[in-house]
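In case you want the letters, here they are:
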Amino acid sequence: MINFEATELRLGLPGGNHGGEMVGKNNGKRGFSETVDLKLNLSSTVMDSVSKVDLENMKEKVVKPPAKAQVVGWPPVRSFRKNVMSGQKPTTGDATEGNDKTSGSSGATSSASGCAAVAYVKVSMDGAPYLRKIDLKLYKTYQDLSDALSKMFSSFTIGNYGPQGMKDFMNESKLIDLLNGSDYVPTYEDKDGDWMLVGDVPWEMFVDSCKRIRIMKGSEAIGLAPRALEKCKNRS
Amino acid sequence: MTEEDSSAKMSEDVEKYLNLNPPCSSSSSSSSAATFTNKSRNFKSSPPPCPDHVLENVLENVLQFLTSRCDRNAVSLVCRSWYRVEAQTRLEVFIGNCYSLSPARLIHRFKRVRSLVLKGKPRFADFNLMPPNWGAQFSPWVAATAKAYPWLEKVHLKRMFVTDDDLALLAESFPGFKELTLVCCEGFGTSGIAIVANKCRQLKVLDLMESEVTDDELDWISCFPEGETHLESLSFDCIESPINFKALEELVVRSPFLKKLRTNRFVSLEELHRLMVRAPQLTSLGTGSFSPDNVPQGEQQPDYAAAFRACKSIVCLSGFREFRPEYLLAISSVCANLTSLNFSYANISPHMLKPIISNCHNIRVFWALDSIRDEGLQAVAATCKELRELRIFPFDPREDSEGPVSGVGLQAISEGCRKLESILYFCQNMTNGAVTAMSENCPQLTVFRLCIMGRHRPDHVTGKPMDDGFGAIVKNCKKLTRLAVSGLLTDEAFSYIGEYGKLIRTLSVAFAGNSDKALRYVLEGCPKLQKLEIRDSPFGDVGLRSGMHRYSNMRFVWLSSCLISRGGCRGVSHALPNVVVEVFGADGDDDEDTVTGDYVETLYLYRSLDGPRKDAPKFVTIL
Chain L
1 MINFEATELR
11 LGLPGGNHGG
21 EMVGKNNGKR
31 GFSETVDLKL
41 NLSSTVMDSV
51 SKVDLENMKE
61 KVVKPPAKAQ
71 VVGWPPVRSF
81 RKNVMSGQKP
91 TTGDATEGND
101 KTSGSSGATS
111 SASGCAAVAY
121 VKVSMDGAPY
131 LRKIDLKLYK
141 TYQDLSDALS
151 KMFSSFTIGN
161 YGPQGMKDFM
171 NESKLIDLLN
181 GSDYVPTYED
191 KDGDWMLVGD
201 VPWEMFVDSC
211 KRIRIMKGSE
221 AIGLAPRALE
231 KCKNRS
Chain A
1 MTEEDSSAKM
11 SEDVEKYLNL
21 NPPCSSSSSS
31 SSAATFTNKS
41 RNFKSSPPPC
51 PDHVLENVLE
61 NVLQFLTSRC
71 DRNAVSLVCR
81 SWYRVEAQTR
91 LEVFIGNCYS
101 LSPARLIHRF
111 KRVRSLVLKG
121 KPRFADFNLM
131 PPNWGAQFSP
141 WVAATAKAYP
151 WLEKVHLKRM
161 FVTDDDLALL
171 AESFPGFKEL
181 TLVCCEGFGT
191 SGIAIVANKC
201 RQLKVLDLME
211 SEVTDDELDW
221 ISCFPEGETH
231 LESLSFDCIE
241 SPINFKALEE
251 LVVRSPFLKK
261 LRTNRFVSLE
271 ELHRLMVRAP
281 QLTSLGTGSF
291 SPDNVPQGEQ
301 QPDYAAAFRA
311 CKSIVCLSGF
321 REFRPEYLLA
331 ISSVCANLTS
341 LNFSYANISP
351 HMLKPIISNC
361 HNIRVFWALD
371 SIRDEGLQAV
381 AATCKELREL
391 RIFPFDPRED
401 SEGPVSGVGL
411 QAISEGCRKL
421 ESILYFCQNM
431 TNGAVTAMSE
441 NCPQLTVFRL
451 CIMGRHRPDH
461 VTGKPMDDGF
471 GAIVKNCKKL
481 TRLAVSGLLT
491 DEAFSYIGEY
501 GKLIRTLSVA
511 FAGNSDKALR
521 YVLEGCPKLQ
531 KLEIRDSPFG
541 DVGLRSGMHR
551 YSNMRFVWLS
561 SCLISRGGCR
571 GVSHALPNVV
581 VEVFGADGDD
591 DEDTVTGDYV
601 ETLYLYRSLD
611 GPRKDAPKFV
621 TIL
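Quick note, the sequences are listed as chains L and A, same order. Residue 72 in UniProt numbering sits at position 72 of the first sequence; the count goes up by one each step and never skips. Residue 170 in UniProt numbering sits at position 170 of the second sequence; the count goes up by one each step and never skips.
Please keep in mind that the hints were generated in silico from the structure rather than gathered at the bench. All of these numbers come straight from a predicted model, not from anything done at the bench. All residues carry an ideal CB built from backbone N, CA and C; glycine is no exception. A few of these clues could be false.
[Said to hold, decoys possible] So the derived list for chain L, only partly shown, Cβ under 7 Å to chain A, looks like this: (1) V72; (2) G73; (3) P76; (4) V77; (5) R78; (6) F80; (7) K82; (8) V84; (9) P202.
[To be verified] Pairs of lysine-lysine residues, derived as DSS-like cross-links and limited to a Cα-Cα distance of at most 27 Å, are as follows: (10) L:K82 - L:K191; (11) L:K217 - A:K246; (12) L:K140 - L:K122; (13) L:K82 - A:K260; (14) A:K354 - L:K82; (15) A:K246 - L:K122; (16) A:K246 - L:K211; (17) A:K531 - L:K82; (18) A:K502 - A:K419; (19) A:K259 - A:K312; (20) A:K614 - A:K147.
[Claimed, not checked] Examples of chain L residues lying across from chain A (beta carbon under 8 Å, computed): (21) W74; (22) P75; (23) R81; (24) M85.
Extracted from the complex, chain L is given alone in its bound form (with noise of 0.2 Å):
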């Protein structure tokens, strides 16, 4: 039996529905269909060189015509050459823009390709001989932000963050064991110029404030304690 609904050609939007597998396939994927549309509805002296076989490849094959969303590949422009260009800011006027490029906030967002602006901060670690520079953007969580940091610098690692996605600091003993230990704690400088354990703000908000990070030993970081527990107990 002919279903003869998807075996139909079609103008409009894709209504979603023609065929199981074949939705996750296409996914908006091919202009032929659409082409094709176009010029069989045009013209019927097309339809003479079209062959037999061809028009029966067509009917199988062409289940709805895609959005007009974008084609793969289309226009052809090489991903390298977009990603450079998702990556940048329009020009205004004057560039009120002009903060340092370590800040967290990086001003306006590209115009209509629609890509997050970046947060470029630089990050160092005590005893490396180099800094790396890293986009905040690109990661979710602090687990994200952990697990590439300590990919960079694979000398250390941050420990775990708990379930809010921050770190543990309503328990003061743990905080105080964290930075008697050797390991390496992450700090970073925030918008006010204040030195803070990373970890203790919501995701977004660090992501917001973080000018730079600096990686340093638990014991070096002890000077930061009081003022991570003062913000601990403001929070409670």
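We have chain L already, so just place chain A on it with the hints.
Below, chain A without anything else, positioned relative to chain L:
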């Protein structure tokens, strides 16, 4: 054999063969005459040299002046003897499709290769139309050449898959290695680069262009050995990870021959300044971010303009990856000498462009984003009378984007830049009039690539298809070898291409044509066609069949999202045993549906001397 040795041997052989008696006094100096007399006395007792050897010797000496591969290919067809000699003397081998022959065949025929150029994936792979892990691995090539050509000096790869292990083998196997260029390659990381930097002590060129380089968290710049280097060119603008600037600075200081330096975006303006001060001999500079690290504090800011003034030899500028407009004018002093300017990663407005471009009288190559708008193009047209190559890329590469450049800019360029030879132009609104104007004003065009981003867009003034414009291009631009078409096009456009495009070697088609006739016009009409790439066009088996007489003489044909069937493809593969016919889906599924159904998502066919490849992944079916 040095040149002097070989020519001495040649004259000996020639004279023996021709049975010359030394003239008494009219030849060269007495000492050489004496030697010659001795030789001629000996000559009587030794057998005459075989004419073949003499000729081969003579030929060897002559052929060393032939560098063009077309000429060499012609020479090799004359006779067996010439084939042999040519094979012995070819120093640079160019392989346009790595699957057209096996590495074994290469090393069997050519014995003294010093330079290898290899190209892998077809161009449409750049636009995600090919599933990952399709092939084009460098491994078998480096393995074979490592044994056969220990004197190898130069490797140039495009769209190949190169691993760190491959790079390590390269660095270990070729002690005299001098030049590595990787264009649009992937599969390796900074650790592979570090090995090359460290082990290739004669390295002159390390150029990475638009390649994907994974960040192995390794300070590869520090891996260059101590002491003076031979570096002439170092391009790493595509490395998307930070570098050790101090090490770079030290490297530049100890590289007195460095002419070309392209830094990545992790080099700030202050750092660039330091590099320029240390390398005023640079001719080509990739500026990195062109943005300062720190907000400047008045007088503490370095004098960027002075640094550019001091680099009197700069003729090529690129980079500007995160540029700050207020610093752009620092480059003004080099503008008059520039022959090449690449602003294509910088969102530059007409206002920013004008003061710069108005000094660029000698520019021959200009790449920019469409952010410069028609107005910017008019400024280019007004000043850049020597322009040979123009590329305008879209800042917003989507079908529905605004398109700030149009036929207006194209026409202006055609009127101002009469020597134009090559153009790539992304736009939304175009007219047949503007395209025709360019065909009439720029008769030197060899490359015309127009990309109207909205699919099937007609002439935006008349509403007609773009047939006439492209028709004018093929008709008037008699030197045209490369053409890319777009916009609303009927079969008529293709009939023009077939009728007039007699020198066309590369043709790119997308979302165009009405029927198989279009494909037939091209395959029957364009005798020089080598590379044909088509997507999303209504061409089927009939059209495919019409090219049977051509496929053995073409580098490749790519047809994706068209109307061809497996049966049609099989027909080609049966009729042409020396053509490999690959069929695959776009997303690399081994799924039964895409593989065994009659529908062909992608057809990629190419001639091959060694039959189907053995490394095809599961999702590729070779018919």
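Is the Cα-Cα distance between K82 of chain L and K260 of chain A 27 Å or less? 25 Å, holds
Restraint check for K217 of chain L with K246 of chain A, where alpha carbons must lie at most 27 Å apart: Between K217 of chain L and K246 of chain A the Cα gap is close to 25 Å, so the pair holds against 27 Å.
Has the given pair, K502 of chain A with K419 of chain A, been kept, meaning a C-alpha gap of at most 27 Å? 21 Å, holds
Given a cut of 7 Å on the nearest C-beta pair, is the interface hint for R78 of chain L held or broken against chain A? 5 Å, holds
For the restraint on F80 of chain L, tell me whether the closest CB of chain A is nearer than 7 Å. 5 Å, holds
Holds or violated: is there a CB of chain A closer than 8 Å to the CB of P75 of chain L? The hint holds - P75 of chain L has a Cβ within 8 Å of chain A, the shortest such distance being about 4 Å.
Minimum Cβ distance from G73 of chain L to chain A below 7 Å? 3 Å, holds
Return the status of the interface hint for R81 of chain L: holds when the least beta-carbon distance to chain A is below 8 Å, violated otherwise. 7 Å, holds
With the threshold set at 27 Å, check whether the alpha-carbon distance from K259 of chain A to K312 of chain A stays at or below it. With a Cα-Cα distance of about 12 Å, the restraint between K259 of chain A and K312 of chain A holds, given a limit of 27 Å.
With 7 Å as the cut and Cβ atoms as the points, is V77 of chain L at the interface with chain A? 4 Å, holds
Should the hint that P76 of chain L touches chain A count as held when the rule is a Cβ pair under 7 Å? 5 Å, holds
Between K246 of chain A and K122 of chain L, does the CA-CA distance stay at or below 27 Å? Judged against 27 Å, a Cα distance of about 16 Å means the pair holds.
Hint compliance for this structure: hints 9 and 10 are broken, all remaining hints hold.
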